[in-house]
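2 protein chains.
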Amino acid sequence: MSNENGSSAILRRGLMLVLSSPSGAGKTTLSRQLLDNDKQIQLSVSCTTRHKRPGERDGVDYHFIDTATFRGMIERQEFLEYAEVFGNYYGTPRAPVEQLLGSGRDVLFDIDWQGTQQLRDMDTSRADLVTVFILPPSTRDLEKRLLTRAQDPKEVVAQRMAKAADEMSHWAEYDYVLVNRDIATSLNNLKSILTAERLKRERQVGMSTFVKGLREGR
Amino acid sequence: MSNENGSSAILRRGLMLVLSSPSGAGKTTLSRQLLDNDKQIQLSVSCTTRHKRPGERDGVDYHFIDTATFRGMIERQEFLEYAEVFGNYYGTPRAPVEQLLGSGRDVLFDIDWQGTQQLRDMDTSRADLVTVFILPPSTRDLEKRLLTRAQDPKEVVAQRMAKAADEMSHWAEYDYVLVNRDIATSLNNLKSILTAERLKRERQVGMSTFVKGLREGR
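Going down the list, the sequences are from chains X and C. Each step along the first sequence adds one to the number in the working numbering, with nothing skipped, and position 72 is 67. Each step along the second sequence adds one to the number in the working numbering, with nothing skipped, and position 99 is 94.
Accuracy of the hints is not assured; some may be wrong.
You can't tell identical chains apart in this list, so a pair holds if it fits in one copy or across any two.
As a list, the in silico PhoX-like pairs of lysine-lysine whose alpha-carbon atoms are at most 20 Å apart [unchecked claim]:
{"id": "1", "residue 1": "K139", "residue 2": "K34"}
{"id": "2", "residue 1": "K207", "residue 2": "K139"}
{"id": "3", "residue 1": "K139", "residue 2": "K149"}
{"id": "4", "residue 1": "K22", "residue 2": "K195"}
{"id": "5", "residue 1": "K158", "residue 2": "K139"}
{"id": "6", "residue 1": "K207", "residue 2": "K186"}
What the hints contain is simulated information worked out from the structure, not anything from laboratory work.
All chains, full assembly: derive it from the sequences and hints.
This is the structure we're talking about:
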């Protein structure tokens, strides 16, 4: 619990902001801008067993660990969520997130609907979760963004569209739904969600003491 | 349900924004500024049996009705909440609120904790309710604002402070709690709450149709 809450001195518990979307809806840009704009929230760094690619930094892009270590962490329930994708493990370690939340800082998660479901299923994290689904404004817009290279074969684009349609089918599991028509409006909407959620009564764990002081004339 | 949702074309259902606070915490100023700033929300006009005061307009400040009419409305359950104060009735008529919510417009309620409890107890309004409690930053600040005239006898100020302490004891029944340190920040916080709540999945009643269109490539 922190005593820093913007201009307020009320202790608060941090929150877990989950952003999910089909690829091509602008989530990565929005995440980056939100992190740049708001110093009270930071990105959760995942663990992975896949090999480090050129330019990636251990502890920044991922925590690169071996499979035995990852499996040990699974057994000791040290992940908030994890998945195996094409033979590699990816997961969110619980301890650093818990520490941030406890000190009144917020954590951003860029995960898909399956990871979000795992977070939601945890009794320990449910109350801290704020989930946002980002949608593209139109199919045409999505297609345009997924068509990264003009020479992409038709079936590759069709495959990406099918994957996007599958991800989008889970929009109704989220607390908030944004249609990303333009980045500035969407960023403003995300910031409003963060501001509002920080003002939720149950997150302001120091409020009880504060009001007691007010009522007793201190 | 409206097709006007700021820049979005998704149908949404309106919400009921309840502001409560001890008098002297700045709620009236904040309400007025919010209404001036946001054309999608409007103040709920109460019915009352008390006499019209000079300058008050029927249908704007209150709907002025007689006691028999008021009691008939109570019997037909036409109020969302009502109270009797010093022999006069005050109440929020249900029909105009329902009509506004259904057309995607939001309604602001400036009511105390007792009115808020009545709204909360109604099955019909629970899902539409967003409740905000506004607190003064300090007892000294509250006292200063309650001391409207320098010549107020001490016991009058003490009485007002006791009433404020009583109202404040209900802060924990609200969804959001704001400490009104300065009007600009508090107004911004209120606007963020409104923006966020409008983006809640369950209020965007047109979203299901919108996503269906996206997934089917329309």
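| query | Taking each numbered hint in turn, which are not upheld by the structure, reported in ascending numerical order? | reply | 1 and 6
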